[in-house]
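Undergrad: If you're matching them up, the sequences are chains A and B in order.
Residue numbers for the first sequence follow our numbering, beginning at 1 and rising by one.
Residue numbers for the second sequence follow our numbering, beginning at 1 and rising by one.
Covered stretches of chain B, going by a simulated chain A footprint (3 or more residues, C-beta under 8 angstroms):
# : stretch
1 : 2–13
2 : 30–39
3 : 45–57
4 : 65–72
Pairs of lysine-lysine, DSSO-like flavour, derived with a Cα cap of 30 angstroms:
#  : chain 1 : residue 1 : chain 2 : residue 2
5  : A       : LYS194    : A       : LYS147
6  : A       : LYS15     : A       : LYS163
7  : A       : LYS147    : A       : LYS163
8  : A       : LYS85     : B       : LYS73
9  : B       : LYS51     : A       : LYS163
10 : A       : LYS163    : B       : LYS2
11 : A       : LYS85     : B       : LYS51
12 : A       : LYS89     : B       : LYS73
13 : A       : LYS32     : A       : LYS163
14 : A       : LYS15     : A       : LYS32
15 : B       : LYS51     : A       : LYS89
16 : A       : LYS147    : A       : LYS85
17 : A       : LYS163    : A       : LYS91
18 : A       : LYS32     : A       : LYS85
19 : A       : LYS32     : A       : LYS89
20 : B       : LYS73     : A       : LYS15
21 : B       : LYS51     : A       : LYS32
22 : A       : LYS91     : A       : LYS32
23 : B       : LYS51     : A       : LYS194
24 : A       : LYS15     : A       : LYS85
25 : B       : LYS2      : B       : LYS28
26 : B       : LYS51     : A       : LYS147
27 : B       : LYS51     : A       : LYS91
28 : A       : LYS91     : A       : LYS147
29 : A       : LYS194    : A       : LYS32
30 : A       : LYS163    : A       : LYS85
31 : A       : LYS32     : B       : LYS73
32 : A       : LYS194    : B       : LYS2
33 : A       : LYS89     : A       : LYS163
34 : A       : LYS89     : A       : LYS147
35 : A       : LYS32     : A       : LYS147
No wet-lab data here; the hints were simulated from the structure.
Here the structure is a predicted model, which is why all the values come from computation and not from measurement.
Ideal Cβ placement from N, Cα and C applies to all residues, glycine included.
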Amino acid sequence: MSEPVTDGELVRRVKVGELEAFELLAGRYSRKVYSLARRIVQQEQDAQDVTQQTFLSALEHLDGFREEASFSTWLLRVATHAALKVIRKRKGLPTVSLEANTEPQEGYDTVPHPEYIADWRESPEQLVGRNETSRLIDEALQELDEKHRAIFLLRDVEGLSVKETADALGISEANVKVRLLRARLQLRERLTQKFGDPERRFQPHQHVETASL
Amino acid sequence: MKCEELLAMLNEYVDGGIDPGVCEQFEKHLVGCNPCQVVVDNIRKTITLYKAGEVYELPVAFRNQLQSALRAKWAETRGSSK
Ligand SMILES: [Zn+2]
Chain A
1 MSEPVTDGEL
11 VRRVKVGELE
21 AFELLAGRYS
31 RKVYSLARRI
41 VQQEQDAQDV
51 TQQTFLSALE
61 HLDGFREEAS
71 FSTWLLRVAT
81 HAALKVIRKR
91 KGLPTVSLEA
101 NTEPQEGYDT
111 VPHPEYIADW
121 RESPEQLVGR
131 NETSRLIDEA
141 LQELDEKHRA
151 IFLLRDVEGL
161 SVKETADALG
171 ISEANVKVRL
181 LRARLQLRER
191 LTQKFGDPER
201 RFQPHQHVET
211 ASL
Chain B
1 MKCEELLAML
11 NEYVDGGIDP
21 GVCEQFEKHL
31 VGCNPCQVVV
41 DNIRKTITLY
51 KAGEVYELPV
61 AFRNQLQSAL
71 RAKWAETRGS
81 SK
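Starting from the given sequences, assemble the full structure and let the hints guide the process.
TA: Right, here's the structure in full:
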């Protein structure tokens, strides 16, 4: 069998007029885009709209894609924008975010401290793939607001770097870091309430500096 | 290092981008602090669970709709008129 064609090669073929190459790219990434959209907007019809807008927009703007980012990262950025726009519209907010211009630096002092601390009863390997687990992790994700949800998904699920996540959302890297920490801590809190073993629970404590320091 | 200070460096520690000197202090704290140890472990497991989460399949009707929409867009923007 021949080597699979790279995304970059497919992008070049689209640029010289091969629709089929774009259809191959869409086939490669439609599930990824749709899954991300489902998780951000939390609703199937909206996720379909976001997915369609993402690929139409990608097709339209492909000539402007300079390939300094990977195609999939670029696509996820387009999808995230579309998804957040849908949410703003749903809430009756203006669909153009002014956040980038007005974004204040968020501090670590507002990061909530862990409360329910316990070893989990089972390993992730044992938990994964159960319907019950899928439901619980989806519920915990829904409780995050969309800004924190999008950051967690891009960074921890899709594996974008802090910089790529910041670029995708038009916010500073420093704020990506603070929000990612808040998202991780909140998800940890919820999941540990579900998966934690009450027998192996620890109380958070004011740590006493050891004398050797 | 106190528990609160550790919290602010949790991302760097979990992601592996922590300064070696700070990492040493971080780990020294972990050895003497069960709650922080467990929090770090909980966070790692949380991330692992989400990473391993299912991928949603496109409904067949939507897959077809998407293909038609892309072809229509193609014809409109790059069709024979160009
Ligand atoms: Zn501690």
